[in-house]
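One letter stands for each residue in the lines below.
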Amino acid sequence: MSHRLSRPETLTALGIVAVAAGFLVPAMSLRPISALLPIAMLVGLIVLAVILLLMDQRKAAAGEPAQQMTKSPGRVAGAFALIVVYALATDFIGFYVSTVVAVPLTAFLFGFRHPLGLALATAIVVGAIWLIFDFGMSQDFPAGRLWAA
Amino acid sequence: MYSDLLHALPEVMGLSNFAAVIIGVIAGIVVGAMPGLSATMAISVLVPFTFGLEPLVALGLMAGIYNGAMYGGAIPAVLLRIPGTPAAVATTFDGYPMARKGEGGFALQVAVVSSAIGGIASAFALMLLAPPLSKVTLLFGPSEVFWVAVFGLASIIFLLGGNPVKGLISACFGVFVSVIGADPIYGTDRFTFGQLEMLDGINIVILLVGLYALPPVIDLLETPLKTDSVESSKLGTEPIWKAMPRMKGFWKTWLRSSVFGIWIGILPGAGGSMAAFMSYNEARRTSKNPEKWGEGEPEGVAASETANNADTASALIPALTLGIPGTAVAAVMLGGLLVHGLQPGPMLFRENPDVVFGFMWQFLFGAILLILLGGSLATNSFARLLNLPRPLLGSVIIVLMLIGVYSIHGRMFDVYLMLGFGAVGWVMDKLKFPLPPVVLGLILGGFAEENLRLALRIGRGDWGVLFQNTTSLVLVALTVAVVVGPIIKRRVIDRRKEAEG
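If you read the protein sequences in the order shown, they are chains A and B.
Residue numbers for the first sequence follow the UniProt record's numbering, beginning at 1 and rising by one.
Residue numbers for the second sequence follow the UniProt record's numbering, beginning at 1 and rising by one.
Possibly wrong hints are sitting among the right ones.
As the list claims (entries may be wrong) - Restricting the straight-line Cα-Cα distance to at most 25 Å, the calculated cross-link-like pairs of lysine to aspartate or glutamate (DMTMM-like) are: (1) A:Lys59 to B:Glu282; (2) B:Lys248 to B:Glu282; (3) B:Lys430 to A:Glu64.
The hints are simulated quantities; they were obtained by calculation from the structure and are not laboratory data.
Predicted model only: the values in this text are computed from it and were never measured.
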């Protein structure tokens, strides 16, 4: 039973129902005309997610295999984690320091291990960004909250 | 009606506007040539960088990328049997066998000439059909505009194919995102949870980059594609002017495939891959020697490449006039227009004729430039792009996404929001939830709500106001047809299959 409930589509449908129901609470306190479209969409999402869940459970009952999300979950989780850490590092440490580390580190961890190529690519990317955005367009990037505090 | 078209020409010929098209075409070919990257993704990443640019420069880049990417997809399709874009799948059927016979260079030349012809035909269709259609839509009132929005959403959900429940979920999600922020009439906060950054609503660029750019980057890092190195010396390329006489027998295919591509581009929900497949099948059916197709028939490459480029500009006919995009790329382009304060719809032609007609010219020039930039020498150079290490490419795109989204308002909140949408987009992509309805929901949601509320005010709260005139009723009937049509079609096919046992 628990196996049937752990199918990706079923989990997604349950997630949609939970999130949409959660948003319905603040929607109830809006003026009727302001709440019209949001409530229609949230109720629609709940109804459709229930239909999706029933369809997926029917497939499970018929012995149909669940839709596969990824062949290498470790690599996907690693990629997401690296991107989130890079965003946090940009926010707290600063854009340039984070980028100088993130570009070669991501490429290295995911299979490109040519030292000269990594160094050259990092220099070109960071240099081009500085030249075009910082120098050319006076665009400020995060300097890092840690240093500002 | 067409005088505005001529008035827009001198400005398009300005140095910066024309250079934007050239850069866009080159960038588009590069993106299209890389399996895993698409025009939709490239334009999503580009849009935030165009904030500070003149509208025509930004639109020129987009038009160039769209045209270039549609041809660029043919490069790996021919050389490696890996379509660079979904629309280039049909190009592999005969393009790759040609490359194996040592005619890869000629296959790419057929592809580039056919792509240019398809793109030129499509640009002319846009120029001829969009202005009169915009005149008709100027007569629409709030209730008709509301129904146009409903029709647009219904058509992209039900004509895309796939699971309609998933399409509807995508659309509801998009419309819900559109209502986040201050209420347009009363100004009360809706679902902002005290975050000042969300008072103005969710910027479409944040959603576009998250949905369309993050999932391909994750895919790039998940399965780094190992490609065989391509040696340009083995392509068998000759100067394009020498190759042209060998293509003169393709004119019927070019003509027919252009019509297919234009028609499919106009239909909401259909896309370049459908155009290419239909055109390929039709060209093969009418060929004198269909048995040779699949073994390296250049006309097969011509059929698919003409059609997948002929749906580029034509997909913008419903997008620019009604706000209903024909393809995912057109949906992203609508987002690009909004960034520059250009609301797609009939008023666009009245208020910004120079921009909208200039955009049409840019599509035409982009298509013509394909021959010059994607010609024999360039094709050899672009083929070498396939050897770029993909993990490195992925990491560079991540940086571009971050600075692009950060630059919109200069705040990290938007970057975190984009990552959230990216995670949602990745799940949707893997579970085959269509993404265009989300974008269209965000674009049309606010538009539909505003006009619905306006119509109800005019009708003093009476919902009957939405059904009071013929145009509204026609639009309701079209919406019902779009919803019911595919269901009836599926039932007929199922019954026929049952009858055949």
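Against the structure, the hints come out as follows:
1. A:Lys59 to B:Glu282: The given pair, whose Cα atoms are some 37 Å apart, is violated under the 25 Å limit.
2. B:Lys248 to B:Glu282: holds (19 Å)
3. B:Lys430 to A:Glu64: Cα-Cα ~17 Å, so holds.
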